[in-house]
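Chain order of the listed sequences is A and B.
The numbering used here puts the first sequence at residues 6 to 516.
The numbering used here puts the second sequence at residues 621 to 991.
Simulated from the structure, these hints should not be mistaken for laboratory data.
It cannot be assumed that every hint is accurate.
List time: in silico DMTMM-like cross-link candidates among lysine to aspartate or glutamate, alpha-carbon distance up to 20 Å [to be verified]: (1) 14/A x 326/A; (2) 921/B x 383/A; (3) 849/B x 383/A; (4) 771/B x 227/A.
Cβ pair distances, simulated, as ranges [said to hold, decoys possible]: (5) 975/B x 356/A: 24 to 30 Å; (6) 641/B x 19/A: 27 to 33 Å; (7) 977/B x 298/A: 38 to 44 Å; (8) 786/B x 19/A: 57 to 63 Å; (9) 786/B x 376/A: 41 to 47 Å; (10) 145/A x 975/B: 35 to 41 Å; (11) 964/B x 314/A: 46 to 52 Å; (12) 75/A x 964/B: 38 to 44 Å.
Where is the CB? At the ideal position from N, CA and C, for every residue including glycine.
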Amino acid sequence: MENKTAAVKMRNITKRFGTVLANDRVWLDIYKGEILALLGENGSGKTTLMNMLSGIYFPDEGQIFINDEKVMIRSPKDAFGYGIGMIHQHFKLVDVLTAAENIVLGLKEPGRLNLDEVARKVKSICDAYGFDVDPYQKVYNMSVSQKQTVEIVKVLYRGADILILDEPTAVLTPQETEKLFAVLRNMRDDGKAIVIITHKMHEVEALSDRVAILRHGQFVGDMLTRKTNAQEMTNMMVGRPVTLNIDRPDPVNPKPRIEVTGLTVRDMEGTLKLDNVSFTANSGEILGIAGISGCGQKELLESIAGLQKVESGSICYVEDDGRREELIGKDPLSIADMGVCLSFVPEDRLGMGLVGSMDLTDNMMLRSFRKGKSFFTDKKQPRSLAEQVVKELEVNTPGVSTPVRRLSGGNVQKVLVGREIASAPMVLLTAYAVRGLDINSSYTIYDLINKQKQAGVAVVFVGEDLDVLLELCDRILVLCGGKVSGIVEGRGASKPEVGMMMTRLGGKTNA
Amino acid sequence: MRKQNTAMPVLHISKRTSLPLYKAWAIRAVAILLALVVCAVVTTALTGLNPLGVFKAMFDGAFGTQRKIWILGQNVAILLCVSLAVTPAFKMRFWNIGGEGQILVGGLATAACMILLGDKVPNWLLIVMMILSSCLAGAIWGGIPAICKAKWNTNETLFTLMMNYVATQLVAFFVIVWEVPKGAGKIGIINQDTHAGWLPQIGSYKYLLNILIVAVLTVIMYFYLTRSKQGYEIAVVGESEKTARYVGIKVEKVIVRTMMISGGICGLAGLLLVGGTDHTITTTISGGRGFTAVMVAWLAKFNPLVMVLTSLLLVFLSRGASEITTIYALNHSFGDILTGIILFFIIGSEFFIGYRLSFLKNEQKEGKGNV
Chain A
6 MENKTAAVKM RNITKRFGTV LANDRVWLDI YKGEILALLG ENGSGKTTLM NMLSGIYFPD
66 EGQIFINDEK VMIRSPKDAF GYGIGMIHQH FKLVDVLTAA ENIVLGLKEP GRLNLDEVAR
126 KVKSICDAYG FDVDPYQKVY NMSVSQKQTV EIVKVLYRGA DILILDEPTA VLTPQETEKL
186 FAVLRNMRDD GKAIVIITHK MHEVEALSDR VAILRHGQFV GDMLTRKTNA QEMTNMMVGR
246 PVTLNIDRPD PVNPKPRIEV TGLTVRDMEG TLKLDNVSFT ANSGEILGIA GISGCGQKEL
306 LESIAGLQKV ESGSICYVED DGRREELIGK DPLSIADMGV CLSFVPEDRL GMGLVGSMDL
366 TDNMMLRSFR KGKSFFTDKK QPRSLAEQVV KELEVNTPGV STPVRRLSGG NVQKVLVGRE
426 IASAPMVLLT AYAVRGLDIN SSYTIYDLIN KQKQAGVAVV FVGEDLDVLL ELCDRILVLC
486 GGKVSGIVEG RGASKPEVGM MMTRLGGKTN A
Chain B
621 MRKQNTAMPV LHISKRTSLP LYKAWAIRAV AILLALVVCA VVTTALTGLN PLGVFKAMFD
681 GAFGTQRKIW ILGQNVAILL CVSLAVTPAF KMRFWNIGGE GQILVGGLAT AACMILLGDK
741 VPNWLLIVMM ILSSCLAGAI WGGIPAICKA KWNTNETLFT LMMNYVATQL VAFFVIVWEV
801 PKGAGKIGII NQDTHAGWLP QIGSYKYLLN ILIVAVLTVI MYFYLTRSKQ GYEIAVVGES
861 EKTARYVGIK VEKVIVRTMM ISGGICGLAG LLLVGGTDHT ITTTISGGRG FTAVMVAWLA
921 KFNPLVMVLT SLLLVFLSRG ASEITTIYAL NHSFGDILTG IILFFIIGSE FFIGYRLSFL
981 KNEQKEGKGN V
């Protein structure tokens, strides 16, 4: 393709996990001086394929060629030896060490360790590509985006010229994303081969030179980004035409349902997480919560759900007939006992919302198992609920007796959302409902949320993708450092405006 | 930087997603066969004895006579009882290694009832009081570390372990208080003339009652853990406390309740030992069962029904090992060596059940048994 040289050729790569075929005879070329976007739905085998390149998995069949030479990558160390570096979704840094210390950690360089020399080398890498890293800064003082930068510099320091980034923008603000993209473009111009795994179409279009698409473990094709568009790529990923517009039906008879006033929350260390937050969530309406991650979104939802200790303020649940119930100081069980039907889709799906080692049926009972006076549990209802969720939300699972841990991210989320809306809630709290989900699953979730809204549920939607927030939500509350930066109407709000409010208190708000 | 290494990796280990039951048992059977072969080689090499004779002696030591079978059954019952006791705690990821202490205080409470009330209340009332007090004592002994864990997040492993020593000293103290005759340093058989507080004997079978009680307990525990709401709560708390709080389970309450059940059943084991068979109490009456039970429960992956087999295996091995040391006048360590080899293979076989070994280069074979 355009007389570029292939840095990596993967040929006939097959990987099985038990009976599941994760990669099926995949052919993939990665070129120098090019940014390749690897696309595919959840469970289509993107991460598995890249893990084989970075030495985490070993292919069952097939060959890998690096610079036209057949190689055997048995461990991440081997991968580094071939100049392959992968930046994972979850950073692997030691908090109490500085950037420079983290970067040389595990490297066996001859001679004594000279951290100033390391810092100089780090600095030169940063200057070459436009990174912004202080080698002497401790990791625990860094923002998420700085930590990610350290991860990237770490692999560059080790001489990587093939970089793989697994959903790098999931944790970044729009501004930080722009900065990352600029750096990646610099690296491409320097002749490095870059692979980026992402679900966000507009990022693919903005950044990549070429896209390669996987579906059900098979390679379905690649093309130049400028010769294609989001619609075509999505269709290829899903295997059939899909629509890319998010519906936003009008609010249904909105009435105040949750009234939060002066909510202030401190975490265990005494840091202020929420500072005098006030807002109202209406029934039949989706209230979006925007903000850089860690700005108090988690504490806000958990306070309403009765899981967070609150310092001061009030959270009032308003019934249809105007009766008001204070939720602060109550645990989830007593909130439910009061007849407040509250559903919560937490951010940490397998650590909080579900029990990974239990099967679908047992996970369906998590909320309802206390029902009835019997000493024993009733598994019939949860089982039929599980079967219903599997059928209606098209959950891809061998059966309802499969541990949810074995399901892919999107299917796990469907199970969780399915259970939470099955209780016919009055309030639905969702945190990053589509994080890590592919387009098709994401749209299923948006649909479900819209249906809840039309049924008169007050939906609170904490999101990270501004485009989605702006398309889906009726109103958007922007948090900045635990304070309300402003509340804007979803219809008509602009992305730069909300982005500004996320980073600077107030931005230039009206509403 | 570049390495030139194109050698094929010989072995490749991957996790199995599932394995049919018969295959898993086939792997275990191969492991036991291999263990016996290694035992035979070691026996011949070290002692020059005929390994088949040694195996036969081992078997005879456990099953040789009717009396031996009954003793085996009794030992299995008590070990199984303690294993059932620690299981709910372990399922909750509460590492209760205080079984010893909980058995001891249960036995102590039983002995106290027998000694102090033996001639004061009717026998049926005495036995009821023994049952209640032994369970209560065990429950308190298990409950104290649980309350501290729930309130202040103390380390339950250290706490339960230390409670063992406290219990041992407590028993040692009361042995001196109640010693018969004065200065003997032991209690001797309690109520030898009246048999007050001795658990009733079914027919002429001294151990049958204990075995029956534990059999019923096994079934109850199985259904408690797999079908009851409390068992479900235990599983959720064990998997993730965050999830438990999220769905409104009161984690502290579940921890304390479960540990009281766990300790209470250990106390019951103490009752079976003191009131059912030994009719006396010593500081060593539990015989390390509080620790052996941990292994029984883990080997059975916390399934009460499978624990019948694993406790049988461990008791068989220990009875067999002591038999060969007597018959062949071998050092006691030799029996332990054989036990060790067998356990090593059985535990090792679990690796081959959980993981698949493939030899690359076209042939896809499975390794079995050997480690």
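Structure-based check of all given hints:
no., hint, verdict
1, 14/A x 326/A, "violated (66 Å)"
2, 921/B x 383/A, "violated (24 Å)"
3, 849/B x 383/A, "holds (9 Å)"
4, 771/B x 227/A, "violated (58 Å)"
5, 975/B x 356/A: 24 to 30 Å, "holds (25 Å)"
6, 641/B x 19/A: 27 to 33 Å, "holds (28 Å)"
7, 977/B x 298/A: 38 to 44 Å, "holds (42 Å)"
8, 786/B x 19/A: 57 to 63 Å, "holds (60 Å)"
9, 786/B x 376/A: 41 to 47 Å, "holds (42 Å)"
10, 145/A x 975/B: 35 to 41 Å, "holds (37 Å)"
11, 964/B x 314/A: 46 to 52 Å, "holds (49 Å)"
12, 75/A x 964/B: 38 to 44 Å, "holds (41 Å)"
The structure does not agree with the numbered hints 1, 2 and 4 stated previously, though it agrees with the rest.
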